Each structure stands twice: as structure tokens, then as C-alpha cells.
Amino acid sequence: MYAVLRTVNVTRYVTPLREGGSLPAIVEADDDFLYVLKFKGAGQGSKALIAELIGGEIARLLGFHVPEIVFANLDSAFGRIEGDEEIQDLLKASTGLNLGLHYLSGSITFDPLATNIDADLASRVVWLDSLLMNVDRTFRNTNMLVWHKELWLIDHGASLYFHHSWSDWENPQRPFPKIKDHVLLSKASRLEDISKLFSSLLTQEKIGKIVSLIPDEWLVNENKFDAPEEYRSAYAQFLNTRIANSDFFVKEAEYAREALV
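Per the numbering used here, the sequence shown runs over residues 183 to 443.
Since the hints were derived computationally from the structure, they do not count as laboratory data.
Predicted model, so just to flag it, every value in this text is computed and none were measured.
Quick list of in silico lysine-lysine cross-link-like pairs, BS3-like style, CA-CA up to 25 Å: (1) 360 with 378; (2) 406 with 229; (3) 229 with 388; (4) 229 with 360; (5) 391 with 378.
All chains should be modelled from the sequences, with the hints used to inform the complete structure.
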């Protein structure tokens, strides 16, 4: 069920994860929980946080296990005692609101050879990633965890990549050829059935509530539209149009799957 996100204050930098170029880190917050923190001053900047927020909350709405997402406030003085200059620069560039995901202590990375996923769940994940145009759920980097014997989806920051240039974003049949690399594609034999269910769940009202969560400060440095609300409307339009035309990306995924099996 959709819920308003909590806001926490980061109190301790625990350790960097050093994955890719984004340098996420495990931090502790003032609620005494640990979070994987995604910094707005890293790599793709606030766009990765927006994709993480939208992708994660859509996944949660569709019934997937997703770590709790919170807004994480980083004080301007936080990085002054950090000895690593690269991390110090990252912390300084990320003052203000960032994004945290509840740290799943003891979880293990999903291995498709070690954990069996049935056709229903595989189809659900592939449909979600086709909608979001998530390029980062591959054999190389599955971005799924197994925690308490359940599959958890993480790291949607590489989704919605159209917003890095805002080119062709109004095209409801925008192709997504990268679906051919999806780690679960070969098992996703129920895409049509899942599409009917998921399309009915993702109403315009629910999509609107999710995109309304995007903070103004993640949008103010953009130059495509004039105001934050116009960006939120654009994200909602993209998602609603793609959902309404889901037959297109379902067929695209099915064609890619036929080439594999």
C-alpha cells in the first residue's frame, strides 16, 4: 500500500560500498537504523535518486519486497571530519535531502543458479523493468537480494534513463532493447497475464501520488521545464502513457525471450 515517506537525519557515515561510480554508503540515522544512502552529489546526481524513488515505490505498490525508502537529510557539517578527500567532496556536494534504503543486514545477492524463481514472479519483475526501462537487472548485476528466504528488489537508479536527455520521452512506444539482457527474461512466460493485472493496479491517481513525492530541490537545477511541478507532470505522463500502451513493451519482451528459449 502506498505510504508517505519518512525523513531521517544522517548521524554517522559507516562505510562506503564503492559500487560503480555512485559511491553509495551505509550510514546510521537518528532513528538508530542503518540505511544504504544514495547521494545526490554522485554520478548521475538527483536523477538517479528520482529513478530510485519512483521505481522503488511503484515496485512496492505492485506487491514486491522493497526496502523502506526514506528521505535522508545530510547536514553541511557532516563531511568535515571525513579523512578520504573523495568521500569528503561527495558529502559536501550532497548537503540537504538524499535518499536512503533500509539496510537488509544478512541479505545475500540473488544468484539465478542458486535460487529458483518461478514463471509468475519472473514475469512480474520483467514487466516492472520493462515499464521502468531499467537497464540494470542483468546477470552481471542482478540488483536483487535474498533476505529471510524472500526476493527483494533494490537499486532502480538506472531506470527512466530518458530523463537524462528528455529526448523522445512522449513516445508511448519507445523501444527498450536492453530487456534482452534481463536476468529473469528466460523464465518470464506469463507476461500477458501479469500485464493485465499490473496495468489495472497502476492507476493515474496512484502514479500521481508517487511522482508527487519528488522533492523540489532535486528538480531545480534542470533546464527542460520551468517549474518542479512540470517535471512531476512529465514523469506522470510518461508512466501513464507507457502503462496504457503496455502491450507494446510486453511484445518486445516476448520477442526477446523467444530468441533465448
